[in-house]
Structure formats: structure tokens, C-alpha cells
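Chain order of the listed sequences is A and B.
Numbered by this note's numbering, the letters in the first sequence go through residues 1 to 119 in order.
Numbered by this note's numbering, the letters in the second sequence go through residues 1001 to 1399 in order.
These are computed hints drawn from the structure, not numbers from a lab.
Remember, it's a predicted structure, so these values are computed and weren't measured experimentally.
Check before you lean on any hint, since a few could be wrong.
What the hints assert, rightly or not - Derived DSS-like pairs (lysine-lysine); straight-line CA-CA distance at most 30 angstroms:
| # | chain 1 | residue 1 | chain 2 | residue 2 |
| --- | --- | --- | --- | --- |
| 1 | B | K1198 | A | K95 |
| 2 | B | K1198 | B | K1334 |
| 3 | A | K40 | A | K95 |
| 4 | A | K95 | B | K1334 |
| 5 | B | K1300 | A | K40 |
| 6 | B | K1215 | B | K1144 |
| 7 | B | K1391 | A | K40 |
| 8 | B | K1334 | A | K40 |
| 9 | A | K95 | A | K2 |
| 10 | A | K2 | A | K40 |
| 11 | B | K1139 | B | K1215 |
| 12 | B | K1215 | B | K1198 |
| 13 | B | K1215 | B | K1300 |
| 14 | B | K1334 | B | K1300 |
| 15 | B | K1391 | B | K1334 |
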Amino acid sequence: MKEFALIFRVEDGPTPDLTPAEWQERMTGWMNWMGGIAAKDRLVSNGSRLGVRGSKWLGAGGVVSDGPYTEVKEFINGYTIIRAESSEEAVELAKGCPILFAPGGSVEVRPLVAPDHAE
Amino acid sequence: MVALLCRRFGIDQIDTAEDIVSETFLSAAETWGMKGIPADPVAWLYAVARNNMLNGLKHEKVVRRYEKDALLKAGIGPEGTHMEPDWDVSVEGITDSQLCMLFAVCHPAIALDVQVSLALRVLCGFTIEEIAQALLTTKATVNKRLYRARSTLREESILLEVPVGEAFDARLDAVLLTLYLLFNEGYYSANPSMVLRKDLCLEAMRLCFLLTARKGTVRADVYSLLALMCFQASRFDARFDGMGGLVLYEQQDPARWDSELINRGNYFLVQACERGQPSRYHLEAAIAWWHTHPVQESEKWANILLLYNRLLILQYSPVAALNRAYAFSRVYGKEAAIPEAEGLGLEGNLFYHSLLGELYREVNGIQAAAHFERALGLAGTEAERAVLQGKLAACRGTS
Chain A
1 MKEFALIFRV EDGPTPDLTP AEWQERMTGW MNWMGGIAAK DRLVSNGSRL
51 GVRGSKWLGA GGVVSDGPYT EVKEFINGYT IIRAESSEEA VELAKGCPIL
101 FAPGGSVEVR PLVAPDHAE
Chain B
1001 MVALLCRRFG IDQIDTAEDI VSETFLSAAE TWGMKGIPAD PVAWLYAVAR
1051 NNMLNGLKHE KVVRRYEKDA LLKAGIGPEG THMEPDWDVS VEGITDSQLC
1101 MLFAVCHPAI ALDVQVSLAL RVLCGFTIEE IAQALLTTKA TVNKRLYRAR
1151 STLREESILL EVPVGEAFDA RLDAVLLTLY LLFNEGYYSA NPSMVLRKDL
1201 CLEAMRLCFL LTARKGTVRA DVYSLLALMC FQASRFDARF DGMGGLVLYE
1251 QQDPARWDSE LINRGNYFLV QACERGQPSR YHLEAAIAWW HTHPVQESEK
1301 WANILLLYNR LLILQYSPVA ALNRAYAFSR VYGKEAAIPE AEGLGLEGNL
1351 FYHSLLGELY REVNGIQAAA HFERALGLAG TEAERAVLQG KLAACRGTS
């Protein structure tokens, strides 16, 4: 069994203000999706959501700016680590992720590189 | 009582202590039968046990060494007035000794199944035969386990004390897990003896309650485990009909749930919530809370599903995974839950097949029957078989 990072991206930063009901619906979607992966004993770490406010970008030569998002119109807004036999299976598990229903939402599936095997 | 004797005379005397306690109760039965019950029966029992123990040790000509050890430990010279520094038969003293023994029993060098047997023997006073019956195993197996446990206690020189510092949290985790298993053994086991099963649950609750009696051993999850046990135990009687048959949750009469235990559970759950981070016991107690409180079905199951999601994200277990799939079916319908359940891949599991049978019932009668049949082949008890046969007949009748 290999481990994979699922990296979530959306098109525009944080979503506008949601009503409590919309917020709850969104959370329920995430919990059901992640709970479903956990129920198959395939969840390694539920990872983290990544905030936008207060994020900084550092470049060569001491350049620091407020976030990398001026040109690229997509945000990484979180990640999760799962366990799967193959990247195909990891893709199957990633289907149904609520981020895919958000505008421009996508999931990137990346194998974690174990220390003993070079890519 | 074994705990108290071991504390006084050393844990390496655990075999002798067990024998002495049996003898003491035997002599109590004889003496009290003839002379009547003494004014303070507890003090009488402890005094007789202590004397028997001392006599036994004298016999082995080791009494001098133990006396000396005990006195040195307490830092009191032979001429000191307190000759029995560790012999405290007050309620607090007995509680303390039992807590120390509980923590020693759950030492990581002792295997989990052995811990449960050992706890039943030295903390709950079960006979070998009762343990064998309660755990659905043989007397020989129990004896083997206890023998191994005793030698481990000696070889590893496990101390009869509640660990402090960093070791404490890990050991308390082990203690809670052992009590959780002890309770489940009583609650879910296939044992035909209702009295014995109830005893297991009550003992687990008693020992868990002991942990709350001392500030030093209380943690949020001690309370949440206790709350979980109270909620579950409140339905103990309602789960059985007069004939010893199983009554499924849906068909239970809420009037038969024990409201006193539910109230206790509420109290302990509040205590847990005030003390910190949710643990798995906390989430399980919250699920049991929803099961024991009359609320709108839709609200109840949406919350239970959310809690199972959280529980699984925290820690995987096949039971939680199956229960989640069931909760999913209650919220989103049976058909939507089928892929959730099928994805679990628990082919050799009885409940996996009975759940799928249930989900397929109105969708595909042939599939449903096939799953009920698989479940029937895996069922271990008469009660389970009876329920499954009923379901199988029902779905053959309609398909």
C-alpha cells in the first residue's frame, strides 16, 4: 500500500459569505467524503486546510509579497493524505471530493516519496 | 482484597494472596453461619485475610523479610508504633489499592486478553470457572493466561502503583481500553448467562468509576468512557425479550430503558465536555446519547452519521465503519448506502453481510437473500441465527 497526498485547488480564494445552512451543507459533504475514506481504512491523515489571509510569498533575492496569487488564478486550499494500492485507486477514492463541485475545483493526486526509493 | 494484600506483602505474592482471599471467604461463610455476621463484616474479612496471609508467609519462613521490607519502605523503625504502614482498610485505602492494582494489571508487558482475565480475577473476584464462562473459553486457557500474567508481574518487577509523569498517560490509555473491552465483553458477548454478562458490565463501570474517585487519575476520557457505559447499560434489559431472544434497537421499548443510568450518563458526559479534547470514547458516548434520547429521526441520524465520520477519521475500526454505513442509509436512503457499505470489503464479517442484506432488501431481493445467507453461515449464536432466519424468510417471501 502506498501513500498519496490529495491536494485541493479552487479557482478563486475564499468563498464569499455563506449562510449557516450552506456552510453546514458544505461541511457535511466534506465529512461524508472523508468519513467514507476513513471507513475503508484508507485515511492516513486528514491533513489541513490552508488559509489565505496572512499568507506570504518569498522569492529569490529577499522578495516577500502577499501571497503568490496575483497571476495564477488558483489556490491550494488544503490537503489530505490517503493510502491506496495504486494511483488509479487513489483517483477512485478522490472522486466525490466536494472540492470538485466548487468553481474551478480540482484534486491533484501525488504519491509521497518514501525515503528508500528515488523517483 | 487481593489488591490490598499485594500492596501490603508485594505483588510477587499474588498467587498466595488469591488463595488466602478464597480461604477467607470460605471461613466467613462457615463462621458467620454459626456465630452470625460480625458488627463490621468488611473489617473482619480484611483482618482474617491479613492474619491468614501472615501465617502463610511464616510458613514459608519469609515473613521476616517482608516485614522488614514493608517497614523500610515506610521509613519506620522496628520499634515504631505504626507496625502496619500499608494496611489501610478505610474506603480510601481500599480504593487506592485497587487503583494501583488496576494500573499494574494494565502494564504494557501483559497482553490485552490476559489483562482482562487478570482484572476479573484479582479485581473483580471472579473464579477461574466464571472467567472461562464469561470469556467463552476454557478453564485451562484462563489458568494459562493467569500463570503467564503472574510470571510477567514478577519478572518485570512491575510496581504496584499508579505511574507518574509521562508514563501515566500511556498507562491510563491502556487501563481505559481494558475497561472498554471488559464492558463490551459483557454487553455484546454471546454468553447465555445474563447474570454473568451484567456482572462484567457492572464491574467495568465500577472500576471506571474508581478512576474518577481520585483527582490524580481523572481525565476527560475517563468521564466519557463512563458516560458511554451508562448509556449502553441503560438499554441492557430492553435488548432482550422474556425468552432470552435479542430485541433489535428499532423494536425496543424506550420505556424499558433505565432512565437513572441515562441521567448518570448525561452527567458524566457533561463532566467530560468540561475537561478537554474529544476522544474516541467521547464520540462513542455522544452517539449513544443520540440513541437514548427521543428526538426527530432525521436530526438524530444526521448527527449520528457526523459522529461516526469523526470517529473513523480519528481511529478506524470495522464496527464503526459498518455502523457508519447504516447511519448513512438512514440519512440518504438504502440505495445510496449500498456503495458505501460494499466499499468496506469486510467479507468475513457477519454484520457486513446482514447490513448489505438489509440495504438490498427493497432494491434487489436476490442479492439481499444471498447476503443474509452468508451472514447465517457466519452467525455464532442461536439468537443471531433466529433473527437472520426471520429476515431470510421475509425476503424470500417477497421476491
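Checked hints:
{"no.": "1", "hint": "K1198(B) to K95(A)", "in the structure": "violated (46 angstroms)"}
{"no.": "2", "hint": "K1198(B) to K1334(B)", "in the structure": "violated (34 angstroms)"}
{"no.": "3", "hint": "K40(A) to K95(A)", "in the structure": "holds (14 angstroms)"}
{"no.": "4", "hint": "K95(A) to K1334(B)", "in the structure": "holds (21 angstroms)"}
{"no.": "5", "hint": "K1300(B) to K40(A)", "in the structure": "holds (24 angstroms)"}
{"no.": "6", "hint": "K1215(B) to K1144(B)", "in the structure": "violated (36 angstroms)"}
{"no.": "7", "hint": "K1391(B) to K40(A)", "in the structure": "holds (27 angstroms)"}
{"no.": "8", "hint": "K1334(B) to K40(A)", "in the structure": "holds (19 angstroms)"}
{"no.": "9", "hint": "K95(A) to K2(A)", "in the structure": "holds (18 angstroms)"}
{"no.": "10", "hint": "K2(A) to K40(A)", "in the structure": "holds (15 angstroms)"}
{"no.": "11", "hint": "K1139(B) to K1215(B)", "in the structure": "violated (38 angstroms)"}
{"no.": "12", "hint": "K1215(B) to K1198(B)", "in the structure": "holds (28 angstroms)"}
{"no.": "13", "hint": "K1215(B) to K1300(B)", "in the structure": "violated (35 angstroms)"}
{"no.": "14", "hint": "K1334(B) to K1300(B)", "in the structure": "holds (17 angstroms)"}
{"no.": "15", "hint": "K1391(B) to K1334(B)", "in the structure": "holds (16 angstroms)"}
Of the numbered hints stated above, those contradicted by the structure are hints 1, 2, 6, 11, 13, listed in ascending order.
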